[in-house]
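Enquirer: Below are the chains, spelled out letter by letter.
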Amino acid sequence: MYAYIIRRLWQMIPTMLGVIVLVFVLFNWVGGDPAYVLAGKISSAEQIANIRKQLGVDQAWYVQLWIFIQQVVTADFGASWSTNEAVSHIMATRLGPSLTVLVPLLIISTLVSIGLALAVAYVRASLTDRLVMISCTVGLSISILVYIIVFQYVFAYKLGWFPVQGWGDNFRENLFIYATLPIFIGLVVSIAPDLRLFRTFVLDEINQDYVRTGRAKGLSENRIMWLHVLRNASIPIITHVTSQLPGLLIGAFLIERFFSIPGIGREVILAVERSDFPVIKAITVYVAVATMIFNLLADLMYKAVDPRVQLK
Amino acid sequence: MFPVALFAVFAVSPPLSAANPNKVVRHVFPAAETGFDPAGAQDLYSGTIEQAIFETLLTYDYIARPAKIVPLAAESLPEVTDNGKTYTFKIRKGVFFTADPAFKGQKRELVAEDYIYTLKRLIDPKLRSPWAWLVEDKIVGLDELAEAAKKGAKFDYDKKIPGLEAVDRHTLRIRLKQTDYNLPFVLAHEPTSAVAREVIEKYADEGGRAMSNPVGTGPYVLKDWVRSSKIVLEANPGYRGFVWDFKPGSDPEDKRLIAEMKGKKMPQVGRIEISIIEEDQARLLAFEKGELDIMNMEAPLAPMVLDGATLKPSFAKRGVKLSRFVDPEITYHFWNMQDPIVGGMSKEKIALRRAMAMAFNVDDEIRIVRNGQAVEAQYPIPPGVVGHDPKYRTNIKFDPAAANALLDRFGYKKSASGFRTLPDGKPLVVTYFSRPETLGRQQDELWAKAFDLIGIKMEVQKIKFPEMIKLEKECKLMMRTASWIADYPDADNFMQLLYSKNIHQNNNACATIPEYDKLYEQSIRLPATSPERDKLYHEMAKIIETYAPWRLDISRYRNMITQPHVLGYKKHPILHSEWQYIDVRQGNGGSGGDVGTGEGH
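As you go down the protein sequences, you meet chains A and B in turn. Whatever position you read off the first sequence (first residue = 1), add 8 for our numbering. Whatever position you read off the second sequence (first residue = 1), add 66 for our numbering.
Everything labelled a hint here was simulated from the structure, so no lab data went into it. Some hints could be false.
[Stated by the list, open to error] Per the computed footprint, the stretches of chain B lying under chain A, defined by three or more beta-carbons under 8 Å from a beta-carbon of chain A, are:
| hint | stretch |
| --- | --- |
| 1 | 267 to 273 |
| 2 | 291 to 298 |
| 3 | 345 to 352 |
| 4 | 493 to 499 |
| 5 | 566 to 576 |
| 6 | 611 to 619 |
[To be verified] In silico DMTMM-like cross-links for lysine to aspartate or glutamate, where the CA-CA straight-line distance does not exceed 20 Å:
| hint | chain 1 | residue 1 | chain 2 | residue 2 |
| --- | --- | --- | --- | --- |
| 7 | B | 134 | B | 246 |
| 8 | B | 637 | B | 190 |
| 9 | A | 61 | B | 345 |
| 10 | A | 166 | B | 474 |
| 11 | A | 49 | B | 393 |
| 12 | A | 166 | B | 354 |
| 13 | B | 492 | B | 518 |
| 14 | B | 216 | A | 281 |
| 15 | A | 61 | B | 190 |
| 16 | A | 49 | B | 145 |
| 17 | B | 536 | A | 213 |
| 18 | B | 192 | B | 175 |
| 19 | B | 536 | A | 41 |
| 20 | B | 217 | A | 177 |
| 21 | A | 61 | B | 540 |
| 22 | B | 243 | B | 272 |
| 23 | B | 492 | B | 503 |
| 24 | A | 61 | B | 320 |
| 25 | B | 530 | A | 177 |
| 26 | A | 49 | B | 553 |
| 27 | B | 528 | B | 503 |
| 28 | A | 61 | B | 474 |
| 29 | B | 225 | B | 246 |
| 30 | A | 49 | B | 345 |
| 31 | A | 61 | B | 503 |
| 32 | B | 321 | B | 345 |
| 33 | B | 567 | A | 281 |
| 34 | B | 637 | B | 246 |
| 35 | B | 296 | A | 181 |
| 36 | B | 289 | A | 54 |
| 37 | A | 49 | B | 518 |
| 38 | B | 637 | B | 326 |
Note that CB positions come from ideal geometry on N, CA and C, so glycine has one too.
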C-alpha cells in the first residue's frame, strides 16, 4: 500500500511538469502582455519596458519558465500583477466563500442523488421512474444561466425569500442567508445528471446474481439496496464524486458572479480579464495538484470499499 | 490667472464630524477595485474610493457645470506667476491625517512636504505608476530625479529640486518647465492626493505601493474591505467638514438640491457600503429590492428603467431619481496612418478613409448598440469639457452614395468578386480589430454593414485588450474603435490624442499631420478660456475631418439612479465620489430610514 502511494506521488512529478509547460505556453501564447494595461492610459515605450522588466516578462522564455518551476516548488507565486496582493493571500481569503457554497452543495447533491437513484432503480421501468428520468433530461437541457436568472428573480426579488446578492462577515450568516439560494440552484443543476448516472450504476448491480441470492435468503429489500447494492455501486460513484472535488478549488464562476460571492471562481475570471498571470498559474497549479491527490484518494477508497481491488 | 480665495465653498466648520453613523448609503460598482494607493491604482473604482479618503489640493465645485475648479486642501486657488510657469499654493492649516500606527501616536498635520512627496512618487520608476504622465516633463528637476533612479540609484525623495519647493510648512511652490494652464486640473486629479511618507514607508510592498492601507485627510476612512466584493467606508471623525453652500446653475434640478441640502454641515452620511456586482441583472434586482441606494444604469440596463431620457413611470412613481448627462468622453473609430493600406496622406488614401467614415451609420450605433443612451459626437471635445462647442457640426455625415462616388473617383474599382481593389489593382482588405465580447461583436456587425455599402472587403480580428493596446502602440493595428474619457475637463486632454509626439503613447492613429501639430503647439500656450485657443481647436477639428485619421462616433449618457430617500445627489462629470455632498432622509424606508433617527436638520 505504502509503496503504491509513494509510486503514485512520484508519478505526479512528470504530470506536474506537463501542467507547468502547458500553462506557460498557453499564457504566453494567448494571454497578452500585461505591461500595456498596467502602464495606464498614457504611457511611453520606456515605461512599458520598465514594467516588463519589473514583472520579469522581458526575460528569455527559459528563464521565465525556470522561475515558474521554482514558484511551484516553493508554493510562492509572488503577488498579483494588478493589485499587488500576495497570491497566497488571494487563495486563502477566496477559498472560504467558495467552499461555503460548494461543500454543502456537493454533500447534499451526492446524498440526495444516491437516495433517489436507489429509489428509482428499485421501481425501474415504472411510471415514476420514467417521469423522474424525463424530468432529469429536461433539467439537464437547461443552462445553469437560466436557472440562476430565473431563481434569482423569482425567489430573491419577487418572493423575497433570499437576498438578491451579497456576502456577510461570519460563516453562519453566509451559509444560512447568502449561500442558501446559490446552493439550491446548484442542487437543481447537479442532481439531474448525478441521479441519471447513479441510477445506471445501481441498475448494473440490481440484476446481479448476489441480489437474487440475497432475496432468496430472505434479506430485506432495504438491506439489499442500502448495503449490498450500494456498496457494489459505490466504486463508480466514488470516481464521479472525487473527480468533482478539484472543482471546489475553482469555485462556481457564474454563481459567484451573479450572487457577488467573493470566491475563487470570481477571482479566476478577474485574473483572466486582467491578464494576471501569477494568480492564473497559482490556481491552475493548485487545481492540478488537487486533481492528482483526489485521484489517488479515490483509488485508495476503492480498496476500502471493495477488498477485491488490488493496488499495483 | 487664478485669483486667491474666490470660492468659499469649503468653509471650515467645527472639528467634530456632522456625519450620522446611522445614515448609510449603499452604492454599487460593476467591476472590482484594485487597491487604494493614489499613485498605484488606475481604475475608476479604486479612484472613487481614493477621492473619499484622500484630498487633492484642488477639486471641483459639486454643482457648477461645466466643471469648475475650487480649492480643497489648499486654502484658495493658486497664485499663478511667471506667465503660467509658477504656481504657489497655501495649504490649509490644522488638517490632519487619520490616526495610524505609522504616526506612532502623534497627530500628523498635512504640510507642503506631503504634496512634494506625493508628486515625486508619481515618477519613481520603482512604482511604475500609471499616472507618471501627469508630472512627466513638466516640473523643473523632477525628470532628472527619475533618470538618476533609472540608472540604478535609489529614488532620492529627500533631494531638493527647484520645481517642488516647500516655501514654509504650509506653502507649496511648483515651478514648471513651460507654461501650462492645465496644472490645476492635474492637481484636482486623485493620483495627486496627499499621502504621508511614514504610512507609505510602513505599508509599501516590494513595488513601493501601499494598496491596502489608505490613510488620508478626507471625509471618509476605510473601515472594512473584502477585495472584489465589499468596501465599507465610515465618516472620518476628525474631518474638518464644510457647510453645503453651492450655488445653483442653469439646471432646474439644482433648485431641488439647494432645497434639500443648503446649510447642512457635511458630510451627513456616516457609512458607505459599496458592493461589487458584475452582473447587470443582479445589480438591477438589488436596486429594485432596495438593497442599493445609488447605481449607474449602463446602456444594456437602460431600456429596463428608462423611456429614452426619462424614468419609466413605474420608477418615477416610486420616487426614484435620475441624474443624467453626457459623459465627458468620446468614442471614435481610427485608422492607422502608418498602415500601407489605409494610412498615408496621399489623396487616394485620404479619400479611402473619408469614404469609410461616411459609410458608418452612427444613428445605428446609438439605436442598436447603445440602446439610445448616447449622442453623436460632432466635435473632438465632448460636452462638459472646457473648449466644447455645442454649435459645431462635423462635415462627415452618413452618406454611402457620396462614399461610393469618392471611391470611384479615386480609382477604387470593383472587381468580379464585387469588392473594390486598390487603385493599383491590388486587393483591398480592411482588418477591423475588436475585443471578443458583446460590444465588440455588435461593432463588428455595424462595420460589416458599412463596408458592404461601399463594396470593401472587411476582415475582423479578435484579440484581447492587452494585445490590442500593444499592437496599437506599435502602430501595427489597422483600424479599431476606441474611447477616451476625460482625465480632466479641458480640451487639451482630447486634442493631444492626435499630436505626433504622442505616437507610441496615446496617438493611437499614429498620425503625423504637420498642420495639426503646429496648431496644437500653439494651443497649449494659451489659457483655457481664451477665444484664440477655441479658434485653433476649430481649425484642428476641420483638419481631423479633412484627413480622416478618425471618424468621430458617440459620447455616452451617464444615467445614475437613486432611491427616493437619497438627498442632494447630482452626478459630477469628473468627480467619482459624491458621498460627502449628499444626505439620506430617515424614517421612510431604505438604508437611511431603517436605522435609528439620527440627528435632524
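Enquirer: Check each numbered hint from earlier against the structure, then list the numbers of those it violates in ascending order.
Expert: 4, 6, 8, 9, 10, 14, 16, 17, 18, 20, 22, 23, 24, 25, 28, 29, 30, 31, 32, 33, 34, 36, 37
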